[in-house]
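Build out the structure end to end from the sequences listed, making use of the hints.
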Amino acid sequence: ETGVTQSPTHLIKTRGQQVTLRCSSQSGHNTVSWYQQALGQGPQFIFQYYREEENGRGNFPPRFSGLQFPNYSSELNVNALELDDSALYLCASSPGQTSGANVLTFGAGSRLTVL
Amino acid sequence: GENVEQHPSTLSVQEGDSAVIKCTYSDSASNYFPWYKQELGKRPQLIIDIRSNVGEKKDQRIAVTLNKTAKHFSLHITETQPEDSAVYFCAASRGTSYDKVIFGPGTSLSVIP
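Keeping their order, the protein sequence lines are chains C and P.
Take 1 as the starting number for the first sequence in the working numbering and just add one per residue.
Take 116 as the starting number for the second sequence in the working numbering and just add one per residue.
Just so you know, these hints were derived from the structure itself, not from any lab.
Heads up, the beta-carbon is just placed ideally off N, CA and C, and yes, glycines get one too.
Be careful, since some hints might not be right.
[Claimed, not checked] Covered by chain C, per the in silico footprint, the following chain P stretches (three or more residues, Cβ under 8 Å):
#	region
1	156-164
2	214-223
[To be verified] Calculated cross-link-like contacts (lysine to any residue; reagent style SDA-like; alpha-carbon spacing at most 20 Å):
#	chain 1	residue 1	chain 2	residue 2
3	P	Lys157	C	Gly56
4	P	Lys152	P	Pro220
5	P	Lys152	C	Pro8
6	P	Lys157	C	Ala87
7	P	Lys215	C	Glu54
8	P	Lys183	P	Glu171
9	P	Lys215	C	Asp84
10	P	Lys157	C	Pro61
11	P	Lys157	C	Thr9
12	P	Lys152	C	Pro61
13	P	Lys157	C	Arg15
14	P	Lys157	C	Arg22
15	P	Lys215	C	Gly56
16	P	Lys152	C	Val103
17	P	Lys157	C	Arg111
18	P	Lys152	C	Leu88
19	P	Lys215	C	Pro8
20	P	Lys137	P	Glu120
21	P	Lys157	P	Lys183
22	P	Lys215	C	Thr9
23	P	Lys157	C	Pro8
See below:
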């Protein structure tokens, strides 16, 4: 059984650029959630994807967007990067079934630095 | 919107003592309450969770209690060890399929040998 994998692990961008982060869900999981974790804070919910559609969104502007693919992997795209977007971006997959639907398994994260 | 608060933000205990972390939540429809441990530079990992049909759950040295009426839940760690040092996050969710999980701000626990 493979876990949740994310890429890239680290990246540096400049203000105004765009970034794409990728996530492969754990085997058997069909739901992917994305979180932003600023230094010293808890994970903040960005959005969740199920069956290739956004299924819930947190308090993030439209320049944060995502995709889910038929194999349940997912991308997070952020346009017009701002300095405050610097954070660890965590992907978490879950079974998406009645039993254990919300049990999240996290990836190691992508550390984004915006200069 | 939904909110989860957590106290204290930092906690320091002597090895062998107990540690207690408390959380409150705002969404009365929440019925799933997981706890995650995040060691420095690592991913959050689930250590225990509880659903609203029970008031307490225990797993070796860790236990979680839930008071739905008061909308608060707590993590108890007994006989703390240095390897328990980490940041602990509580979270809440409605627990229905595909519902989002909202996290608290975290508690940094230090266990002093």
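We went through each hint and held it up to the structure:
{"no.": "1", "hint": "156-164", "verdict": "holds (count 6)"}
{"no.": "2", "hint": "214-223", "verdict": "holds (count 8)"}
{"no.": "3", "hint": "P:Lys157 to C:Gly56", "verdict": "26 Å, violated"}
{"no.": "4", "hint": "P:Lys152 to P:Pro220", "verdict": "12 Å, holds"}
{"no.": "5", "hint": "P:Lys152 to C:Pro8", "verdict": "23 Å, violated"}
{"no.": "6", "hint": "P:Lys157 to C:Ala87", "verdict": "14 Å, holds"}
{"no.": "7", "hint": "P:Lys215 to C:Glu54", "verdict": "12 Å, holds"}
{"no.": "8", "hint": "P:Lys183 to P:Glu171", "verdict": "11 Å, holds"}
{"no.": "9", "hint": "P:Lys215 to C:Asp84", "verdict": "23 Å, violated"}
{"no.": "10", "hint": "P:Lys157 to C:Pro61", "verdict": "27 Å, violated"}
{"no.": "11", "hint": "P:Lys157 to C:Thr9", "verdict": "12 Å, holds"}
{"no.": "12", "hint": "P:Lys152 to C:Pro61", "verdict": "29 Å, violated"}
{"no.": "13", "hint": "P:Lys157 to C:Arg15", "verdict": "27 Å, violated"}
{"no.": "14", "hint": "P:Lys157 to C:Arg22", "verdict": "18 Å, holds"}
{"no.": "15", "hint": "P:Lys215 to C:Gly56", "verdict": "7 Å, holds"}
{"no.": "16", "hint": "P:Lys152 to C:Val103", "verdict": "14 Å, holds"}
{"no.": "17", "hint": "P:Lys157 to C:Arg111", "verdict": "12 Å, holds"}
{"no.": "18", "hint": "P:Lys152 to C:Leu88", "verdict": "16 Å, holds"}
{"no.": "19", "hint": "P:Lys215 to C:Pro8", "verdict": "25 Å, violated"}
{"no.": "20", "hint": "P:Lys137 to P:Glu120", "verdict": "8 Å, holds"}
{"no.": "21", "hint": "P:Lys157 to P:Lys183", "verdict": "31 Å, violated"}
{"no.": "22", "hint": "P:Lys215 to C:Thr9", "verdict": "24 Å, violated"}
{"no.": "23", "hint": "P:Lys157 to C:Pro8", "verdict": "15 Å, holds"}
Hint check: violations occur at hints 3, 5, 9, 10, 12, 13, 19, 21, 22; the rest are consistent with the structure.
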